[in-house]
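Here is how the chains run, residue by residue.
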Amino acid sequence: MSSIRLLIGTKKGAFVLTSDGKRKDWKIAGPHFAGWELYHLKGSPADPNRIYASQSSGWFGQQIQRSNDGGTTWTPVDNKFAYEGTPGTHQWYDGTAHPWEFKRVWHLEPSLTDPDTCFAGVEDAAMFKTTDGGKSWHELPGLRTNATGPDWQPGAGGMCLHTILLDREHPERIVIAISAAGAFRSDDSGATWKPINKGLYSKMMPNPTAEVGHCVHHIAMNPATPNTLFMQKHWDVMRSDNAGDHWTRVSGNLPTDFGFVIDVHTHQPETVYVVPIKSDSEHFPLDGKLQVFRSKSGGNEWEPLTRGLPQKDCYVNVLRDAMSVDTLDDCGLYFGTTGGQVYASPDGGESWSAITHDLPAVLSVEAQTLP
Amino acid sequence: MSTVRVELPQHLRQLAGISGHEVALEIDAPVTLAAILGALESRYPALRGTVRDHYTQQRRAFLRFFACEEDISLQPLDALLPAEVCDGKEPLLIIAGIAGG
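Residue numbers (the working numbering), protein chains in the order written: chain G, 489 to 859; chain S, 116 to 216.
Bound-form chain G, shown alone:
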């Protein structure tokens, strides 16, 4: 019988949650790296016991940890992330030029086929790659040196590269997103990149339809339909059916279309999930009700999913990498909150229960479906 392993990154360590395929009873292991911020952990699709973790601290900098046994034991690997050549400048919050400075790794995306290969999305925004299991990291500089780079600017959380999507059908395609630059795509394994932000409208920008500068919060894709992408932008939920060449707004009847997470059902490529957040200045659910919204039509028509979720006095946030789906026949969904709750739904969002209420603020959730 299959089992589920959840990799949870929090403000104060990492936790590994496990359950059998019923997804009712969970064991919690951790904290690993207690006291450190764990922005993201992710397992290799080619070897689920190979897990990479981004461990960081404002005091002590960046670490990368690697596990070869499903998160039971860990080994620190290389933590040097050096921009290639002269880093150049991007826009600072006040519009002045600011030099690229490495701060942390936001997202780790292991290769679909090779456990020793992994991509890292970092702040200040750039792509790095290891091909030796983390023993060394090198930049894919074509992204940072894109002609639009000097116009990129940080969002409130920093100028982070937070989303990396790989595609089995198009092995040389990589889609990434940066706050606040927008989405970019490479069709040559990361050598060159182009902005893919046509159709986005960001009213806080001097030119709301500019080629770059959009605060994309997250992008999700069903692997079976890789040309269809769903985006949660700062405001607006968007979709593209041509791998990002053009986007269409699908916020429809959402009560608010601000939010961070977005994900797609494993077996239903037109079933999409978001967690609406009140606004960019009030990062909590509308009316104190924690609601996941689901669209079964690829957007525009949304329904609230509330069974088992707190429907009063709830003022947590769900951050951009804190939702994940499993691949069991009855697709399971998971998300974590800044209040330390991790919620699970074993039935595509119809019902929810808290696996735990009491972790540190959750930064990321990744589900692994194990044989």
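FYI, nobody ran anything at the bench for these hints, they're computed from the structure.
The structure displayed is predicted, hence computed values, not measured ones.
None of the hints are false.
Here are some chain S residues the structure puts well away from chain G; computed CB gaps all over 10 Å:
#1 Ser134
#2 Ser157
#3 Leu192
#4 Asp202
Below, in silico cross-link-like pairs of lysine to any residue (SDA-like), each with a Cα-Cα straight-line distance of 25 Å or less:
#5 G:Lys568 with S:Glu156
#6 G:Lys591 with S:Ala149
#7 G:Lys623 with S:Tyr159
#8 G:Lys568 with S:Gln173
#9 G:Lys623 with S:Arg163
#10 G:Lys591 with S:Gln129
#11 G:Lys682 with G:Gly643
#12 G:Lys500 with S:Tyr159
#13 G:Lys617 with S:Tyr170
#14 G:Lys591 with S:Gly212
#15 G:Lys568 with S:Leu192
#16 G:Lys500 with S:Arg174
One side only, chain S facing chain G, incomplete, derived with CB under 8 Å:
#17 His126
#18 Leu127
#19 Ala161
#20 Gly164
#21 His169
#22 Arg175
#23 Phe177
#24 Ala211
#25 Gly212
Even for Gly, the Cβ is constructed at its ideal location relative to N, Cα and C.
Go by the hints and put chain S onto chain G.
Just chain S now, kept in the frame of chain G:
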């Protein structure tokens, strides 16, 4: 050769798998901050980049160095350390800035 004692913040002891508050390092004279940090990183590679920046080799912003109740954070890395530190009577303290959270 001197045996120098170095006290580390909890996070770094955890990262390097160090039990106890201190490590003892054998250092060839002259005993300087640079020599101690080099020996520390050589013995515990996981600490590279955590006390001083990988590339500038400068002290990370929220860390300070103390010896014999003196703040020596702003001394040049190649300055000689007090005799009490060189002969192991006093530890070199690597202190992380106090913060909540």
